[in-house]
Amino acid sequence: MASINLRALAPIGVFFLLCFVIAVFSPNFLSVSNAIRILNASAIPVVLVMGATFVILMGSIDLSVEGIVALCAVVTASLVLNDTTGANLGLWAVPFAVLAGGLIGAVNGATHVYLKVPSFMVTLGIGFVCLGIATAALGGFPVRISDRGFRALTLGRSLGLPNGIWVAAASVFVALIIQERTRLGRYVYAIGTDEITARQSGVPVERTRVLVFVLAGLFSGLAGAMAAAQLGQGHALIASGRLFTTITAVVVGGTALSGGVGSVLNSVVGVLIVVVLTNGMVLMGVPPFVQQGVQGFLIIVAVSLALDRRQLEVVK
Amino acid sequence: MTEKQKELLRNLVPIFTLLILVFGIAAYEPGFLRPANLITVTADTMTLFLMASGATLVIMLGSIDLSIQAIASMTSCIVAAMLPIFGGTALLFALAAGATAGVLSGLVVNYLRIPSFVATLAIGGIMTSVAFWASDERSIYISDADKSAWLNWATGTTGGMDNEVLVGLAVLAGLSAILSLTRFGRLVRAVGSQERAVVASGINVNRVKFLAFVISGFMAGLAGLVMAARLGSGSPTLASEFLLPAIACIIVGGTAITGGVGSIWKTFVGALIIAVVRIGMTFVGVTVFAQQIVFGLVLVLAVAMTIDRTKVAVVK
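Chain order of the listed sequences is A and B. Residues in the first sequence are numbered consecutively from 67, following the working numbering. Residues in the second sequence are numbered consecutively from 74, following the working numbering.
The hints are simulated quantities; they were obtained by calculation from the structure and are not laboratory data. In this text, all values refer to a predicted model and were calculated from it rather than measured experimentally. Be a bit skeptical, because a hint or two may be false.
No more than 35 Å apart at the CA atoms, straight line, and that leaves these computed lysine-lysine pairs for DSBU-like [unchecked claim]:
hint	chain 1	residue 1	chain 2	residue 2
1	B	79	B	389
2	B	77	B	384
3	B	77	A	182
4	B	220	A	182
5	A	182	B	79
6	B	77	B	389
7	B	389	A	182
8	B	79	B	384
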């Protein structure tokens with residue numbers, strides 16, 4: 067048991083160590099305004115990892131994050147007051163974006179389960195389809211949002227903190243309830259640990275798998291609406307780089323890619339580690355293009371530390 | 074149907090698909106069948122084929138390489154940046170860099186036991202950073218003098234035939250020979266069909282996988298060189314759009330992602346199918362933006378059709 071606890075606590079240790087090291091090199095790091103900046107930058111990634119964690123807990127993967135976020139950002143931007151369409155739904159655009167995300171998630175899940183295609187292949191293909199739709203619908207141009215009230219979804223402040231942080235906190239709360247207090251949550255762990263045994267014990271594997279991809283789609287849809295509100299526009303490239311950050315955060319947080327081990331709270335810590343690292347590199351003057359390389363390196367280190375090699379006979 | 078008839082059918086379907094598509098377009102536009110035009114179409118397809126050729130070996134193992142587009146972009150930057158300083162040696166540096174990326178992927182998969190789709194995703198991220206570093210975050214123009222001195226093998230003509238086609242045919246012949254005549258080639262198929270049996274026979278599976286990833290990286294690097302030569306520049310995002318079509322042409326050609334089944338000529342045919350479909354879509358009036366949607370769907374459907382479901386007990 068001790069080793070399991072250690073494994074769960076290690077990411078938090080890494081987080082504090084990282085903060086300490088950056089603070090030594092750059093004292094500005096420890097200001098209140100920088101802390102808020104870090105939390106604000108974490109908001110969208112946190113929403114994204116809420117869905118991705120459940121998918122990875124099942125031992126699957128969702129590579130369509132960027133496609134869904136981009137498409138839902140375009141949907142959102144087209145439904146609020148903007149320069150391209152005549153719509154003006156205001157905040158009511160958000161539920162539409164979330165639903166659109168859930169729908170794409172359902173396509174992912176149904177294709178994966180009923181055509182028996184591995185999830186990385188389905189989500190790779192569907193992700194490109196979404197990016198294609200987002201590009202084709204706009205002919206490559208962005209939709210600019212002119213609705214200031216809607217942009218308050220991430221830019222406004224409540225109780226002194228940007229609203230995006232509150233949206234992210236609410237997402238964590240919902241995901242935590244699903245993980246801890248629902249059957250779906252328990253089924254996810256059962257499937258991730260041993261799918262064959264889970265099936266024999268009566269876990270509805272197919273339905274659970276589809277539902278988890280729908281859940282991931284819903285969170286990605288919400289993240290798309292937030293991205294549109296944050297940048298004031300919707301276009302096909304709005305989400306580039308999000309997939310990488312999402313997977314890095316989930317695995318750095320300690321959720322194993324082989325499934326069954328991890329939690330949404332781990333992933334929140336994972337996001338904080340990735341964002342603090344990015345923030346620290348900016349403060350220390352490291353060029354921004356190095357970040358993708360550093361994240362790639364982090365993925366490899368984190369996955370290799372979290373893998374339970376006893377279970378692995380064949381690695382594909 | 075016997076196994077042999079099934080095998081024959083599997084070999085013939087891609088070829089007939091290609092022929093039907095070609096004659097379909099010729100019905101609209103008879104000039105399409107002119108030899109000069111067919112050569113041009115083939116020459117335009119070769120960069121895609123080169124990228125997919127090495128990755129075919131990886132997919133035949135039942136693994137995947139998601140770093141090929143990043144590697145190709147990287148070598149385009151390296152060659153464009155180094156040609157003015159080092160002359161022809163720059164080509165060797167670029168190819169070595171491509172192979173090195175493959176070495177890294179192979180080491181990470183073999184010794185850290187990380188599944189290839191995550192390992193190559195991460196290595197791809199690192200290579201993108203290298204590309205940004207090598208190119209100083211911009212696209213680099215290759216002077217005409219350097220181009221005619223060092224890149225004529227890729228873009229010139231020999232006896233009326235475009236050199237791209239000759240390079241493509243040489244790679245087709247070389248890799249096919251490796252696959253069907255060498256011990257390594259037979260082991261690639263064996264590992265893809267029954268990895269456990271190969272391990273139990275006392276064969277070093279790691280060496281086979283390692284070599285496949287190195288060849289994949291090398292060929293992606295070569296594809297980057299040809300791309301840079303054709304466009305007259307190198308850029309860190311030069312090949313970003315190529316991952317989806319490259320994997321699609323491997324699968325459409327009839328190589329199954331479950332491993333064991335496949336060959337290089339299938340990828341060659343698959344690449345031509347993708348190219349002809351693209352031309353056909355332009356004829357029918359599908360915008361360039363929407364083509365990604367079609368390729369995404371084609372990818373998922375082709376995987377669903379070619380996958381061997383008896384081989385995987387649990388689809389993750």
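Hints, verified against the model:
| no. | hint | result |
| --- | --- | --- |
| 1 | 79(B) <-> 389(B) | holds, 27 Å |
| 2 | 77(B) <-> 384(B) | holds, 19 Å |
| 3 | 77(B) <-> 182(A) | holds, 25 Å |
| 4 | 220(B) <-> 182(A) | violated, 48 Å |
| 5 | 182(A) <-> 79(B) | holds, 21 Å |
| 6 | 77(B) <-> 389(B) | holds, 30 Å |
| 7 | 389(B) <-> 182(A) | holds, 9 Å |
| 8 | 79(B) <-> 384(B) | holds, 17 Å |
In summary, the structure is inconsistent with hint 4 from the numbered list given earlier, while agreeing with all the others.
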